[in-house]
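Top line first, the protein sequences correspond to chains A and B. Reminder that position 66 of the first sequence reads as 66 in this note's numbering, one-by-one numbering, no gaps. So the number in this note's numbering is just where the residue sits in the second sequence, counting from 1, plus 1000.
Please keep in mind that the hints were generated in silico from the structure rather than gathered at the bench. Be a bit skeptical, because a hint or two may be false.
Stated by the list, open to error - Straight-line C-alpha distance at most 16 Å; calculated EDC-like pairs for lysine to aspartate or glutamate:
{"no.": "1", "chain 1": "A", "residue 1": "K3", "chain 2": "A", "residue 2": "E62"}
{"no.": "2", "chain 1": "A", "residue 1": "K24", "chain 2": "B", "residue 2": "E1267"}
{"no.": "3", "chain 1": "B", "residue 1": "K1288", "chain 2": "B", "residue 2": "E1265"}
{"no.": "4", "chain 1": "A", "residue 1": "K24", "chain 2": "B", "residue 2": "E1269"}
{"no.": "5", "chain 1": "A", "residue 1": "K24", "chain 2": "B", "residue 2": "D1388"}
{"no.": "6", "chain 1": "A", "residue 1": "K3", "chain 2": "A", "residue 2": "E27"}
Claimed, not checked - Which chain A residues face chain B? A few, computed with CB under 7 Å, are given here:
{"no.": "7", "residue": "M16"}
{"no.": "8", "residue": "A39"}
{"no.": "9", "residue": "V57"}
What the hints assert, rightly or not - If you only want the chain B side, here are some residues facing chain A, beta carbon under 7 Å, derived:
{"no.": "10", "residue": "N1255"}
{"no.": "11", "residue": "A1256"}
{"no.": "12", "residue": "M1263"}
Positions of the beta carbon are idealized from the N, C-alpha and C atoms, including for glycine.
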Amino acid sequence: MKKILVVEDNDMNRDMLSRRLQRKGYETVIAVDGQEGLAMAASESPDLILMDMSLPVIDGWEATRRLKASESTRMIPIVALTAHAFSDDREKAMAAGCDDFDTKPIEMPRLLEKMERLLQR
Amino acid sequence: MGVEASSVAIPSGRQRFSLTGSAGKHPIVSLDYVVRIPATFIVMLMVGSVLREQRSGMVAWSFLIFYGLLWPHVSFLVAGNSRDSKAAELRNLLVDSFSQGCLVSLMGFSLWPTVVCLTSVNAANLSLGGVRFGLKGLIASLAGIGTGVALVGANIRDESSALTTGLGIFSLIIFTTIFGLHSHLQTGRAVRARKELGLQKLRLEEQNMEIEAARMFAEQAREAAEDASDIAISASLAKTTFLANMSHELRTPLNAIIGYSEMLEEEAEDLGHVDMIPDLQKIRTAGKHLLELINSVLDLSKIEAGKMGMLVENLDIASLVQEVAVTVGPVVERNGNRFGIFVEPDVGFLKGDAMRLRQVLLNLLSNAAKFTNGGTVSLRVRRETMDDGNWITFRVNDTGIGMTPEQLAKVFEPFTQADSATTRKYGGTGLGLALSRRFCGMMGGDLSVTSELGKWTTFLVRLPSEVSNEFGEATSIHRRVNWGDLTPGGNS
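One chain only, chain A, in its complex shape:
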């Protein structure tokens, strides 16, 4: 069973996302901010990380940069999630080191397709 780390500060989004992933047969672990996300990524060794970008303490871009800079977490694929309507979020996320990008609200089939593509690499 693949283990997915969901880093998301909004309770409802986090709950919803992890429950739907569980229903699709994934194991999920959760983190509520960037700092916790870094810690969980190191301790839980997830197969993939879904990272919200606007996070408290350490934001998603900085967390991604640190994960990609560390030898132990470099190989974990990261999918950026944002709800911003303005700005070049995709470029920003990719520049930070994310492997893919999706927007909220989550369209489950689309997200699953992106996740599967990364998990099969």
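Here the structure of chain A is known, so what remains is to put chain B in place on it, guided by the hints.
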């Protein structure tokens, strides 16, 4: 003599009486004429009084009479008919100088007449021709004196008769009077000219002040306009920023609504609560509609704020249309409609923003399907040359309810569906067509519509074969992805 002088009428302004008829006569020709007639006459009297006393011969008398009576007219005719009348008149003045020099010798250098002749002729030369000409005149006078001496010998009279003296004094007074008056006239003219100049300068200064005032006024107006523009721009920016933030704030709870209703639907299916599924679907559909509305308002405000990016690239028209057809096909066929797609084989490529074009076509097709029941919805794509250039045309035709002319007139205005009853019956945000038209405009094309009530409607998208990228590089990749959430619900 006096009669003749007035009949030939020299004073400037009456040159139509001129003897010569020459139009380009220099003013000094006429000026000299009026001076010369009395002057030579007086000189003739004065010199004549001396010649009479000396009992001079016929040659001297003939010369004197010719000079005194005829020379003024001869000189006037010569100068008037000459091509360069000024040069000719100056030559005449040299003849005067020479002649009077001769007369001085013929009179045996009688003191008063000598003084009169030489003074007057010298003064005339200086006043009319300047210093260098004055020198030439002096030389001519000396030559005249020499010629006279050669003719009659150098008799020197050292006294004059009372008559000669009187005439000499009279002549000198006349000459000095003439030159004095002339000089007075010139001075007056100079003074008036200077006064006029002063007035003009004053007027000019006034005008300058007025111009400066106008300039300052314009500058103030410009500054005010700039300030107003700055305020408007910052207000518009504030509005755009507000909308961006607001839409974020609205989306977060909306995501929860849509997400949980989707989840519940899945769960209801898994647990066999089939009766709950339609209600859950209604919640999700309403949520998506609201999301679409928010996105459309945001798009419109982005266009208005000039922040809508365009990603212009070479598009394979056939494959883009294929993609659209696959997405929208099920929606079109839902109302029992037939769906036809006709793409000209050699339609080729188009420069445009793929996402925007897809959005426009999806919007038009789902719109057409919505207002058509058991009819036909078709999309025809062609390459066409029209009066105003080469276009790629997309015609979306339906055999639906059609529109009245009044409805047609308002169809592209934001939030204007045909009427409120239509909105209740068919749904939609009322922004789709407004947005579509703006997207077409941004790609250098246009969107128009024709319709017959109760029969059919055709929307025509025209895009130039080459689309200029006037909106610069795209910044809208995020929206590109996000928009996928909305299809195929895009509607008018």
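Hint by hint, where does the structure go against what was stated? Just the numbers, ascending.
1, 5, 8 and 9
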